[in-house]
Every structure is written in structure tokens, then in C-alpha cells.
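Enquirer: Given the sequences, and given the hints that come with them, work out the whole structure.
Listed in order, the protein sequences are those of chains A and B.
With the first letter of the first sequence counted as 1, position 19 gets the number 19 in the working numbering; the numbers rise by one all the way through.
With the first letter of the second sequence counted as 1, position 346 gets the number 616 in the working numbering; the numbers rise by one all the way through.
Simulated from the structure, these hints should not be mistaken for laboratory data.
Built from N, CA and C at the ideal position, the CB exists for glycine as well.
Among the clues, some could well be false.
Stated by the list, open to error - Only some residues are given here: those of chain B computed to face chain A with a beta carbon under 7 Å:
#1 331
#2 333
#3 460
Said to hold, decoys possible - Away from chain B, derived, C-beta distances all over 12 Å, residues of chain A:
#4 20
#5 38
#6 72
#7 113
#8 128
#9 136
#10 137
#11 143
#12 146
#13 204
#14 206
#15 236
#16 247
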Amino acid sequence: MALQTARPPILRPAATRAPAVIRVRGLVVGFEARTVLDGLDLDVRQGEVLGFVGPSGSGKSVLTRAVLGLLPKQAGTIEVFGLDLDALTIEGRRAVERRWGVLFQFGALFSSLTVKQNVQMPMREHLDLSPGLMEDLARLKIEMVGLKPEVADLYPSELSGGMIKRAALARALSLDPEILFLDEPTSGLDPIGAAEFDELIATLQKTLGLTVFMVTHDLDSLHAICDRVAALGDKRILAAGTMDEMLSADHPWLRAYFHGKRGRAAVGVA
Amino acid sequence: MAEAPSFAVDWQGEDALIVRLTGAWTAAGGRLVEEEAGTIAREALGARRVVVELGGIERLDTLGAWVLERMRHTLDDRGVATDLRNAKPEQRILLDEVAYRYIQPSPPTKRSSPMDAVVSLGRVISGASRDLATGTGFLGEIVAAFIRVIAHPSRFRMTTLVHQIDHIALRGLPIIALISFLVGMIVTQQGIFQLQRFGATPFAVNLAGILVLRELGVLLTSIMVAGRSGSAFTAEIGSMKMREEIDALRVMGLDPIEVLVVPRMIALIIALPLLTFLADIAALFGAGVVSLLYGGISPETFLIRVQGAISLSTFLVGIIKAPFMALVIGVIACVEGLAVQGSAESLGRQVTASVVKAIFMVIVVDGFFAIFFAAIRY
Numbered sequence: 001m002a003l004q005t006a007r008p009p010i011l012r013p014a015a016t017r018a019p020a021v022i023r024v025r026g027l028v029v030g031f032e033a034r035t036v037l038d039g040l041d042l043d044v045r046q047g048e049v050l051g052f053v054g055p056s057g058s059g060k061s062v063l064t065r066a067v068l069g070l071l072p073k074q075a076g077t078i079e080v081f082g083l084d085l086d087a088l089t090i091e092g093r094r095a096v097e098r099r100w101g102v103l104f105q106f107g108a109l110f111s112s113l114t115v116k117q118n119v120q121m122p123m124r125e126h127l128d129l130s131p132g133l134m135e136d137l138a139r140l141k142i143e144m145v146g147l148k149p150e151v152a153d154l155y156p157s158e159l160s161g162g163m164i165k166r167a168a169l170a171r172a173l174s175l176d177p178e179i180l181f182l183d184e185p186t187s188g189l190d191p192i193g194a195a196e197f198d199e200l201i202a203t204l205q206k207t208l209g210l211t212v213f214m215v216t217h218d219l220d221s222l223h224a225i226c227d228r229v230a231a232l233g234d235k236r237i238l239a240a241g242t243m244d245e246m247l248s249a250d251h252p253w254l255r256a257y258f259h260g261k262r263g264r265a266a267v268g269v270a
Numbered sequence: 271m272a273e274a275p276s277f278a279v280d281w282q283g284e285d286a287l288i289v290r291l292t293g294a295w296t297a298a299g300g301r302l303v304e305e306e307a308g309t310i311a312r313e314a315l316g317a318r319r320v321v322v323e324l325g326g327i328e329r330l331d332t333l334g335a336w337v338l339e340r341m342r343h344t345l346d347d348r349g350v351a352t353d354l355r356n357a358k359p360e361q362r363i364l365l366d367e368v369a370y371r372y373i374q375p376s377p378p379t380k381r382s383s384p385m386d387a388v389v390s391l392g393r394v395i396s397g398a399s400r401d402l403a404t405g406t407g408f409l410g411e412i413v414a415a416f417i418r419v420i421a422h423p424s425r426f427r428m429t430t431l432v433h434q435i436d437h438i439a440l441r442g443l444p445i446i447a448l449i450s451f452l453v454g455m456i457v458t459q460q461g462i463f464q465l466q467r468f469g470a471t472p473f474a475v476n477l478a479g480i481l482v483l484r485e486l487g488v489l490l491t492s493i494m495v496a497g498r499s500g501s502a503f504t505a506e507i508g509s510m511k512m513r514e515e516i517d518a519l520r521v522m523g524l525d526p527i528e529v530l531v532v533p534r535m536i537a538l539i540i541a542l543p544l545l546t547f548l549a550d551i552a553a554l555f556g557a558g559v560v561s562l563l564y565g566g567i568s569p570e571t572f573l574i575r576v577q578g579a580i581s582l583s584t585f586l587v588g589i590i591k592a593p594f595m596a597l598v599i600g601v602i603a604c605v606e607g608l609a610v611q612g613s614a615e616s617l618g619r620q621v622t623a624s625v626v627k628a629i630f631m632v633i634v635v636d637g638f639f640a641i642f643f644a645a646i647r648y
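Expert: Below you can see the structure in the form of C-alpha cells.
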């Protein structure tokens, strides 16, 4: 907990002063007898890209799912946009959900709908738009994530892994969210595809002014686009800070992670 | 909550116009944003130069940026020079991005015409004839694989065969016997009611005996097997296809038809006649029970009447059809299973298609047999 005290990130001074859009305090999540997260504190500040690392099974997905409300928590508070999620009415909760977008690890595109219909789905449910405008907007989003216009009418089963990620990103962005959750966005992509995807996220983040919460194992992604990195371990945040701070941290797992062979290679490239 | 999108118009002389936008130009007020932009466009058509002041906009998102950019394009095309000015830096980035990605507004969607119905009917018919061709081709492949297995008996998968027979016959027996029992009862009951009027109640036994042995036993069994085992075959083979397991078999030098299809086909061909026989007995038993309850026919009389009404040939007419039904069900189930594409959607679609086609074909084949037996007076 002491390690989590926010040190100022160097990359983007604006982010330091920015208020926290996600504020997690004393979060406890567990399954039956096993506690996965115990008294976890975390701040995600407005406009930053927070990369989230940790050993497999350390509860990265559990944390994401708990923040999104997909998993019940035993204790603690989660505030998003300054609103305590537990204190919200159902309508209030829906309003918050409209302001975030989620990219699931395997895309979670609806397989019975085309890419365009997938992107339009949230608009159809939440917005009052004319059919023509909805059509244009969906095609614009598909264009923005770097997919060709023809892809709009394909079904998810006809897409490659990289295209699925992009299409899912277009859907996550369909309501112009303020927070974007990414679960392993570059997993399963080739290094060039992964680098392009990183760049895409960075561009969209600047264009749309997004706050990005990204679970990743990709050290290159961490270097390329993250303003801050938080490491999860021992059921809480081991350390959070800029990449440079993480590199100088002396926790054994962090040393192994960032100074291993792959870690050094990534630093060299960046 | 931010204010609704709105604008103020300021004419600068005859042909120049300044439009000042205020409020939130976001997706939340989608329809309103579009209407306001439309109003501005109509208003501005009278001008030669339009300056749109964005300084007063509280919030702008992709939708707002797109609508403004589209408005600018439309006006430019009509010869009205339009300028979007004084955007905040972050709004500028968004506008530039949208302008860079500018896509032509979508054309109105095509209306459906009566011809579409004819086209889709044509598709269905050509699809059906294609199915017949694939089915026949596949049957040939199975026979070829079967001959290969006979040539190398060691390659035959006994375990799979036994497992499949267990699933098709043993586990399917209770439900098939129950259904046949009930249908036997129902047919006999109606027979008794209708024939009573002519004082011919005992003939209900003849009716039930012949109907059950010639048609109902094998038909009910085939339909149940198509529903139970045909769907299972399609689902098993389909999910293996989906997860590239079929390809894995191929690259190991194994023939998927030999490994997966042949044992299933043989199991079906063995199991279906057995099940038909048991279904016949269950249906006759049902007929006997109802004859006693509704017709007052004692079990002894019932058996004597049944013996008088049917001969071995009546039984054989039914049972000879069973292996053919098995072939039809098996071929359709395996073809549909192998036709599964990447998605779980497609798996569900193929399983449904497999069951529907198999039941349809079972009834069609039964009809052909009826014509055939009538022609040879059997």
C-alpha cells in the first residue's frame, strides 16, 4: 500500500494534476475460501494510459472485472467519475456504463451480427439517432480503427485475429467513452500488428481524449504508450509509476519482469 | 448535464454568414445535433461564405464532429465556402481526424423487390440439388473408406463402434420404446372407436398390427434417432471441425471419414433395425393394453388376432427399411457436421439443418418404399 503512493509521472505532466477518474480503495475480492485481491488501492487519472502488469493468476482480470461490476466484491469502494458505484441507482449505473468502453481479450464480438451491426449495437440501444447517421457513424468508427470499409459487412468468423481486435475496439468506442478498458489488447497479434495496434490506441487516446486502463503482458506496449505502469502482486498493487520508476524498483518480481531478457530487449527498442 | 446543441446566426452583409454554435454537440443529443446542422445548412445556402464559430461549444464528440464535417462538405459542394473556426485544441484534433477519415455519406439502402422472392426460391432449389449431389458423393467416400477398412481390418475402430452403439441403441431405447408404446395405444384407441360403428371392433387389432409393423415402428424410430443421434453426430463432428481437430487428424495421416464417419455409420446401421424391432414390440404391447381397456379384447384373443393379421413379410417390410433410414440419417448428419465453419453460430445452424433434413428424407424414403412395395405387391 505504501508503495502505491503516487509519484509524479514524467511523460505527461498534465496527468499528474488530473483528477482520478477511477478510485479504488481497500478492494477485497475472493472466491469462496481464496482471496485474490486484499485491500487493493488504485487511482487511474484522467487522460492517462495506465498499463497493468502482474504474474499470471495475480488477479489482473479479476480487478478489471470487479471495477466493471462483473464480479462481486467483498469489501472496499470503487469510485468512477467521482461516483461510488455501490451508491448508484440502476439508471445512474447505466449512465456510468455508457461512459466506458471495454475491449475484451478475445473481442467478444456478437457472432450473429456483422462488424457494422456490432458497432451499431450500443448506439441502437442507448442513443436516439437517425438510421442514416447511425450508418455513417458506424462506418466512420470502423474507418478510425483502421479497418477497410468492406469489413463492415463481414461476420466475426470471417475476420483474422487482428481484425477482430480492431472491430472490437470500434465497438468499444461506439459511444465515445471517456474510459477505455483493454484486456490484453495485443495478445495473439504478430509483433508488427501489435505495434500498429499500440499506435492506434495512442492516436485514438489523443484524438478522443480517452483515459485508458490496459491489462497487458506486452513490454513493448508498456514502453510505447503507457504513461504509468501498475504492477499487481501479493493481492495488491506492488508498485505504480512511470516506466523509469518501475525499472528502478527493487521488488524481486519487478526486477525479473523488467530486467529479464525480454524486458531488456524492449528497453533497447524503445 | 451539458446544454442542448444550438446556434445563433449573424448575417454579415448580403452573402457572408457567421454561425455561433453553443451547447453540447454529442451523441447523447444525436437527433437534435443532426436537426440543428440541417437547419444551419438550409440557412447558409443563401450565403457565399460561412464561418462556423466553434468557440462556444461545451462538448464535442465523434458524432458532433462528423455531423459538422458532413455539413461543411455539403455546403462546399453547393458552392458555399465554409470554415469551422476557433475549435479548442482537442476538438481540432477530432475534427481533423474525422475530416481525414471522411467517408461518403452512405447511400440509401436498397428496397427489396418482388424479384428477390423468386431469386431466393431459385437459391433454395439449387441448394437442394447441390445437397443431393454432395450427399451422393459423400456416400461414395464412405463406401471407399469402408472397403479400405475391410482390406485392413486392424484399422477398424471397434471401441468407437461399441461406444456409438451404446449411445444410439442402449441409451435411446427407453424414450423410443415409450413413444412407440404410446403411439401404439393411440392408434388402436382410434381404430376401436371408428370400427365400433360397423361392429368391427376386433379389426382394430389388425389395423394396429399392420400399421405398426409396416410403417409406424420404423418411422418413429428413425425420427427419434435422427433427432437424438443425428444431431449428436453433427454436433460432435462439427465442433471437431470448428477446432481444427479434423485437420489435425488429416495431418497425422488419418482419414477423418475412416476414423469418425465409418464407425458411426456402421453403428447406426446395426442399431436402427434393433431399435425398430423393439419399438414394434412396444407399440404392439400398447395396442394390446388399449384393446383390453377400450375394446374388451383379452390378451389371448389379441395375440390370436395379431397372428392371423400379420405374417413374417409384414414384419420384414418394416425392418428392411431400417438400414436405409440409418444410411440417410448418417450421411446427412456427417455431411452437415463437416460443413460447419468457424463460428458457434454455424454449428447451431448445421445441427438444426441436419435434424430437419434427416427427418424430411426419412419420410420421403418411406414414401418411396411404400410405392415400391405396392408395385411388387409385397
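Enquirer: Would you pick out the hints that fail for this structure and give their numbers low to high?
Expert: Checked against the structure, the hints that fail are numbers 3, 7, 8, 9, 10, 11, 12, 13, 14, while the rest are satisfied.
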